[in-house]
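Enquirer: Sequence:
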Amino acid sequence: HMLLKEKRYEEAYEAFQKILKKSPQSNKAQLAIIKIANEYYNQNNFTRALDIYNEAVRRWPSVVNKTPIIFNNMGEIYFKKREFPKARKLYFQIINMDPAHKEAHKVLNRIGDIYLIQGREMEALSVFDQSAKLDPDNRESQYGEIRMADIGVRYPRLRVNNATLDTSSYFEPLKTYEKILESAKDVDILSEVTLSKGIALLKQQNYLKAIQEFKKLLPLGEESKFHREAAKYIRQSLIFLVDDYAKQGGILPILYSYTDYTSLSIGKITSLKTLLQVGEAYQSLGMLPEAVRLYEKVKLLDAKKIHNDRIFLNLGQIHYERKNYSEAEFGARSFLKNFSRSGKIRDAMKLLAQSLSGRKQYDDALKTYQSILEKFPKLPSEIHYLIATLEADRNETVRSIAAYEKTIDTFDRTQKITPDYLRETHYKIANALYQEGQYAESIDAFELAIKLFPDHPHRSWSEFISADALKKIKNNPKATAQLNQLIKSQPENALIKKAAQSQLKIMEWEKENTNAL
Numbered sequence: 022h023m024l025l026k027e028k029r030y031e032e033a034y035e036a037f038q039k040i041l042k043k044s045p046q047s048n049k050a051q052l053a054i055i056k057i058a059n060e061y062y063n064q065n066n067f068t069r070a071l072d073i074y075n076e077a078v079r080r081w082p083s084v085v086n087k088t089p090i091i092f093n094n095m096g097e098i099y100f101k102k103r104e105f106p107k108a109r110k111l112y113f114q115i116i117n118m119d120p121a122h123k124e125a126h127k128v129l130n131r132i133g134d135i136y137l138i139q140g141r142e143m144e145a146l147s148v149f150d151q152s153a154k155l156d157p158d159n160r161e162s163q164y165g166e167i168r169m170a171d172i173g174v175r176y177p178r179l180r181v182n183n184a185t186l187d188t189s190s191y192f193e194p195l196k197t198y199e200k201i202l203e204s205a206k207d208v209d210i211l212s213e214v215t216l217s218k219g220i221a222l223l224k225q226q227n228y229l230k231a232i233q234e235f236k237k238l239l240p241l242g243e244e245s246k247f248h249r250e251a252a253k254y255i256r257q258s259l260i261f262l263v264d265d266y267a268k269q270g271g272i273l274p275i276l277y278s279y280t281d282y283t284s285l286s287i288g289k290i291t292s293l294k295t296l297l298q299v300g301e302a303y304q305s306l307g308m309l310p311e312a313v314r315l316y317e318k319v320k321l322l323d324a325k326k327i328h329n330d331r332i333f334l335n336l337g338q339i340h341y342e343r344k345n346y347s348e349a350e351f352g353a354r355s356f357l358k359n360f361s362r363s364g365k366i367r368d369a370m371k372l373l374a375q376s377l378s379g380r381k382q383y384d385d386a387l388k389t390y391q392s393i394l395e396k397f398p399k400l401p402s403e404i405h406y407l408i409a410t411l412e413a414d415r416n417e418t419v420r421s422i423a424a425y426e427k428t429i430d431t432f433d434r435t436q437k438i439t440p441d442y443l444r445e446t447h448y449k450i451a452n453a454l455y456q457e458g459q460y461a462e463s464i465d466a467f468e469l470a471i472k473l474f475p476d477h478p479h480r481s482w483s484e485f486i487s488a489d490a491l492k493k494i495k496n497n498p499k500a501t502a503q504l505n506q507l508i509k510s511q512p513e514n515a516l517i518k519k520a521a522q523s524q525l526k527i528m529e530w531e532k533e534n535t536n537a538l
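Just remember that the working numbering sits 21 ahead of the position in the sequence shown, which is counted from 1.
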């Protein structure tokens, strides 16, 4: 016993074995050896603990059957080793031996966990339902409720029998999580339910809210399994979020979420696609150094060069955005030569045409745009818009109007998101019609643009020009009303307000002058 107190477990084990050799029925020696196994278990030396437990089961079954903790510890060891049939058998032995044992309720949940891991969801649901009803508001009962809700999140189409099970947790998982969050006092249960709620939100593709839930677990520290799981799911949520918003053109949510993630210090994002998408979001906002830094990082990590074509093209776009049109043209031509099988040929041709237009080589640019329309007939609207801006740049207003009309006519109205170029088109065609002296048509176009896109930054000036068009067609009462409304809607020192006031004074002076004549 002295050796045991001094934690010299192997020496103590050998000493008690000698005692048992002389006195095989020595209960004290048997219990001492079981205690040594328990000490090994508490020290996470599961291999040695299991060896001794198995020896005890083999040699002293009558003693072991009076000591349920042995089956509990052996079950936990097999559970950690993922030997689930052995673990489940031992857990059932505990319940059968002593249903009132302090570990029996926890063991019942373990059986449910095993069924869930093995893909036996209905059996798991039945076990957790039994657990949830044993002692309501007890931590183990709350664990059972959480797991029933988890099954509802993961497997919402199970044929659940309402007559035999309390199915509210299964069918209303988020409501269940909220209820437990309000009533639970145990830190592990609060952590468990927070993690489950985050996963449910992730499954619903509510990525921002999911991340906020997972972040609540980070203060637990890196040694906590909940911290580690939360960090993993935050990364996963960010990857999904970035991909989702990249498809929608949601630049600001991407950059907010990425910046927030980097501030958490929970590991690097290793998804090259995600890093590339974040770089493209930076590029869209004109934050070019940040974009280039991420492109270089992807290029360095991309051993298979899967994203080389996309990076090459993005860098060409950066040259274009910096007005380095010759370099952008060279990049586009090099891309078309070196990545002839890429799925981004259309984008490269578009960059080439834009670069040529930037260099005022309008005819060559127009030929390239027309070639795009021939080779890629789907989604032609944006190309017609670029042709319209090209014609406007070389003062071919009539041609630009025709191209703007094609932009509107060919736009795919099933698209969920209205692109910026379509908003621009409606305002620009109205201006072009005004420039061509087609005042009545321009008024209609301005009204439509303002109706469709009232928050456009050019709205106020468009209302001013529209009022002038009304004046041109001798509709002075409506022009006056429109100018007065514009004056009311503008801040005191706004330039547009002063322009509208001046226009009203001119109209008043013209009216007085006409009356005098």
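It is worth saying that the hints were derived from the structure and are not from the lab. Positions of the beta carbon are idealized from the N, C-alpha and C atoms, including for glycine. Keep in mind that a hint or two might mislead.
What the hints assert, rightly or not - Pairs of lysine-lysine, DSS-like flavour, derived with a Cα cap of 25 angstroms:
id	residue 1	residue 2
1	Lys-294	Lys-318
2	Lys-224	Lys-472
3	Lys-499	Lys-518
4	Lys-437	Lys-492
5	Lys-399	Lys-344
6	Lys-509	Lys-493
7	Lys-344	Lys-325
8	Lys-495	Lys-472
9	Lys-320	Lys-246
10	Lys-268	Lys-200
11	Lys-237	Lys-268
12	Lys-492	Lys-509
13	Lys-123	Lys-107
14	Lys-472	Lys-437
15	Lys-246	Lys-268
16	Lys-230	Lys-499
17	Lys-253	Lys-237
18	Lys-102	Lys-123
19	Lys-320	Lys-294
Stated by the list, open to error - Derived CB-CB ranges, DEER-like:
id	residue 1	residue 2	range
20	Leu-273	Asn-416	33 to 39 angstroms
21	Glu-417	Gln-233	35 to 41 angstroms
22	Leu-322	Leu-273	37 to 43 angstroms
23	Ile-327	Ile-90	27 to 33 angstroms
24	Thr-435	Asp-384	43 to 49 angstroms
Enquirer: Decide, hint by hint, whether the structure agrees.
Expert: Structure-based check of each hint:
1. Lys-294 x Lys-318: Holds. Lys-294 to Lys-318 sits at ~12 angstroms (cutoff 25 angstroms).
2. Lys-224 x Lys-472: violated (37 angstroms)
3. Lys-499 x Lys-518: holds (17 angstroms)
4. Lys-437 x Lys-492: violated (38 angstroms)
5. Lys-399 x Lys-344: violated (29 angstroms)
6. Lys-509 x Lys-493: holds (23 angstroms)
7. Lys-344 x Lys-325: violated (32 angstroms)
8. Lys-495 x Lys-472: OK: Lys-495 and Lys-472 at ~23 angstroms, within 25 angstroms.
9. Lys-320 x Lys-246: Distance ~34 angstroms between Lys-320 and Lys-246 Cα, so the pair is violated.
10. Lys-268 x Lys-200: violated (36 angstroms)
11. Lys-237 x Lys-268: violated (29 angstroms)
12. Lys-492 x Lys-509: holds (19 angstroms)
13. Lys-123 x Lys-107: holds (21 angstroms)
14. Lys-472 x Lys-437: It holds: about 19 angstroms lies between the C-alpha atoms, which stays within 25 angstroms.
15. Lys-246 x Lys-268: Not satisfied, since the Cα-Cα distance of roughly 33 angstroms exceeds 25 angstroms.
16. Lys-230 x Lys-499: violated (49 angstroms)
17. Lys-253 x Lys-237: holds (14 angstroms)
18. Lys-102 x Lys-123: holds (24 angstroms)
19. Lys-320 x Lys-294: With a Cα-Cα distance of about 11 angstroms, the restraint between Lys-320 and Lys-294 holds, given a limit of 25 angstroms.
20. Leu-273 x Asn-416: 33 to 39 angstroms: holds (36 angstroms)
21. Glu-417 x Gln-233: 35 to 41 angstroms: violated (53 angstroms)
22. Leu-322 x Leu-273: 37 to 43 angstroms: violated (26 angstroms)
23. Ile-327 x Ile-90: 27 to 33 angstroms: violated (54 angstroms)
24. Thr-435 x Asp-384: 43 to 49 angstroms: Taking Cβ atoms as reference, Thr-435 and Asp-384 lie about 34 angstroms apart, which means the hint is violated.
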